[in-house]
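J.: Using the working numbering, read the sequence shown as starting at 969 and increasing by one per residue.
Just so you know, not all the hints are guaranteed correct.
Unchecked claim - Label pairs and their in silico Cβ distance ranges:
1. Leu1119 - Gly1218: 38 to 48 Å
2. Arg1057 - Lys1126: 38 to 48 Å
3. Val1122 - Arg1188: 21 to 31 Å
4. Phe1133 - Ala1252: 18 to 28 Å
5. Gly1218 - Phe1133: 40 to 50 Å
It should be emphasised that the hints constitute simulated quantities derived from the structure, not laboratory data.
Glycine included, C-beta positions come from ideal geometry on N, C-alpha and C.
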Amino acid sequence: MSLTDALFTAFSIPFMARALIVMLVLAVVAGVVGVLVNLRGLEFISDGLTHAVFPGLAIGLAVGGASGLLPGAAIAALAGALALTWLDRAGITSDAAIAIVLTATFSVGVIVVSKSDDYAGELEALLFGRVLTIPPDQVVPLVVVSLIALLAVVLTLKQQLFRAFDARGSRAAGDSVLVLDLVLNAAIALVVVAAAATVGTLLVLALLIVPGAVARLVTRRLWWLFPAAAAFAALSAWVGLSAGFAISVGAGIDVPAGATIVGVFVLGYALVLAVASCVRAIGARPAGSRPAPTPRPRSGGDRTLGRMESGIASSRSAEVLPNATATAAAAATPTATRKPGSTGEER
């Protein structure tokens, strides 16, 4: 299989085209939201929300089949976002709140899935996704959910950045901390909903965390973080789908598409990290710096010249020293009483 077939021709197949459309939209949205997650340090909260989606997926699948996955996941994710925000406002530490929500929701999801006839198959699909088997009627809902998350972040972007860098200043400026946290957590939850239906609940975190981390390595300009993260995420999703198709069809090795996409995300991060480290190491050395010359041993002529220079310096010091002593003595002598009229007439 040629490179052109893997990168372009493969997506003429309907199921590959559907996977590409959903993954490109999801990757761009996850990249933008992931920058805020990175700036706010909400990686662990994102992990909690990914597990909060699991029971919704399980209940939706049990009640409505494949068509019930998205509504069930959306309800569970939004409920998890509200629970995390409320527990945080109640004074419970964020780590404890996330641990409570994570373990409770995941256990409920496992209990629900265990009641199905195909327990192992359904559990694997929920955990690792089914990006290549997205039904045609699920493409538009997944895209809409992703765009709603993007819209929520864009409308509050300036306030979110202000809160990320100066929480007290944001509060003093009149921004509602509760509203901003709810909006961001809901956006994360919606991204998790869309991603859980494609790459699975266990691999969602890579789509949210890796693009933002790559953007922080690529640029230090704040507003360039978002396009950099979105571009990296979209490129990685495209290459990941192409690589999975080439390996499965061209090489005859069956590999899961979701895990292949996440692997490309991580590999891309490793490459960017290596390049950034090399550039930083090169830039740490001052431009045009040269090693200090090695001192050579002085010959007999050099020693004679050095004694002559020392003698000249000593004679000059001897000439200057008496003058300096006389000047200092004159400065220490009390000034004589001036006669009236010497500087002005006596009044």
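J.: So, for every hint listed, does it hold in this structure?
T.: We went through each hint and held it up to the structure:
Taking 38 to 48 Å as the suggested C-beta distance range, the pair Leu1119 and Gly1218 conforms, at roughly 39 Å. Distance hint check for Arg1057 and Lys1126: the Cβ-Cβ separation is about 23 Å, which falls outside the suggested range of 38 to 48 Å. The hint said 21 to 31 Å for the Cβ distance between Val1122 and Arg1188, and at roughly 22 Å that hint holds. As the Cβ distance of Phe1133 to Ala1252 is approximately 27 Å, the hint placing it in 18 to 28 Å holds.
In this structure the supplied range 40 to 50 Å holds for Gly1218 paired with Phe1133, their Cβ-Cβ distance being about 47 Å.
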